[in-house]
Amino acid sequence: MNLVREISILLQKEIKIEWRQKHAIGGILLYVVSTIFVVYSAIKSVTPNVWNALFWIVILFASVNALVKSFVQENSSRQLYYYTLSNPTAIILAKIIYNSGLLLLLSFLSFAAFTLFAGNPVKDTGQFYLAIFLGSLGFSITFTFIAAISAKANNSATLMAILSFPLVIPIILTLLKLSANALRLLQDTSVWKDILTLLAIDLLMIAMAFILFPFLWRD
Amino acid sequence: MIRFCLSNLKPRKFIFMRKYWWKILGVILIIYSFTLGLLVPLKPGISSIDPGSMRTASSYQMEIVGYNTFYTRAQDAVRVWLKYDSIHALAASKTRVVNDRSLVADFDIPKYLPTNDRVGVVSVIVDDDYNGFSVVPSTVFITQDSVDKDIVAGSSAWKQGRIGNIHSKDQFNFPFRVQLSETIRNLYFHVPFWFSMFIIFIAGITQSIGYLSTNKLEYDYKSMSFTLVGTVFGIIGLCTGMIWAKDTWGTYWSWQEVKMNMTAIALLIYLSYFILRHSFDDDERRARISAVFSIFAFAAMIALLYVVPRMVSSLHPGSGGNPALGADDLDNSMRLVFYPAIIGWTLLGVWMASLIYRMQVLRDKLYDY
Amino acid sequence: MARNMITMKKSFSILLSLLFLLPTSLIAQTNNQDFMRSIGKMYVVYGVIIVIFIVLIIFLIYLDRRLTKLENQIQDK
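Protein chains in written order, with the working numbering: chain A, 16 to 234; chain B, -17 to 351; chain C, 8 to 84.
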């Protein structure tokens, strides 16, 4: 009960900070739109296959950009203050929940932007939404944890990309397959297996983040 | 005096052995795997057969090229069969040994095949008392002009050549595969690096866990040393694999190939581990955060190991439609060299890691003063 | 020219076989394929072994340089 209250308070704090820095999320959205624009003016006609790959690449880079600041924006004295107030489990959980919400919003907005500029080849919308949901969950867990790691190092922005891209490859491969299925690029009878795999990866990552975050936080 | 020397020598020698036995064992095992892996010849086999397709009711002179064979040394005549299935086979009417490596067998193909299909596939079996027998499975296509409805004629014609009196040779040889031929020996020079890499990485992870639970810097140094050696082994495995792939699959790098890309990703993760280590000034902090990262990355790698093989088929042995080396190809003679090679390289890797660890400890002492 | 190549190939293969304890039965069967695939693709195995040693030697050089640095630091103290 105590944990839930703590998490909700921390979540409110995150949302408040985000609200005060509206330009940050606006910047990410602008990034998405301009990427789509550049890519589509370079490749004039886009097959559903390329659409699928492009969508996830744009989401990947947008989420790294969005999440790299999640532990850097607070200065060290404020972090010390949090540390004395709340336990690390609540902090990592709140960050992950908030970041998955942010990524979910981002993904849906980019989906809308893709639809606007490049058309919508998605045949099975429900499945595609499920892929987006599971994907933003997995991305947010991995990127939040890596952001926590790289925030402790010197050059955090570069380190974030180097450390996190190899780690999200299993998630991205499964996502590509799942959404290719939603676009009817391939006929797969065992979609639920991919969904289960994605869920299992998310669970594994969140468990590792739970166990390991207290070691990171203690400073 | 002599007594004093002996009493002095004995325990020291004992200590030497107690300290270094595993290093000696590792080196001996590696030398053993190199010697046996390069010296033991391949089993006599058949590298090519011509013609590869025939028609019924005609005669053929089949040219068979052997590998590591000594047909001239055979006491009795070399016998050749076309084998259709377990009861239907056709013996060569005459065989002629040209030289040690080549053989000509005359076949009179009957009018009908023992089947209703227009085309039948037969295996070729060659047997003699010196080289033993060798089989080329499903290699010659035979087309029949007209189909015998009740198969009786074809069946009786093909039943005449009974395969019997096969000479099997129990020599210590490695198996012969046409696609691989001598490169089958790479099993001892390429695959052990993957196995020892994984063992050494797991050792590094245990040291990372040890650091997080004790906060002693030695564990961090050990974990770093193991990871470095594991990465070196991974690079060796990748480079040797690329040479072998160029020969067997035709390209150095195959994007279709799962295991190759998976290990490349694993190496990327561990290279980024070293970059992470370099971006800290404080020893304690570097130790803690790199330990956390290596454990997290290991969990991600487990996910990778599970996910990636399900995505695309592999060219590596053990997955469908692969002509190379499969689990059934790893026969006892190969195991006898393969497993010692794994143990040997793992021990050598631990030795290398211990050198790096000791260097790190020395450096630590230097900065303490 | 071609004969010259063949004799070079042969002498090289004998040299390699002395170096790597090549099974003698192999030397006789030189095929007319490219170099790497001649005598039963044995050179692929040699290539693999050479790569192992090259990487190990590069690693040794790296270790050597780190040790030299450490020694210099100890001397400076």
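Source of the hints: derived by calculation from the structure; they are not laboratory data. C-beta atoms are modelled at their ideal positions from N, C-alpha and C, and glycine is treated no differently. You may find that some hints are simply not true.
Unchecked claim - Cβ-to-Cβ under 8 Å is the rule here; a few derived chain B residues that face chain A:
1. Ala135
2. Phe262
3. Leu286
4. Leu348
Exercise. Any hints from earlier that this structure breaks? Give me their numbers in increasing order, please.
Key: Hints 1 and 4 contradicted; others consistent.
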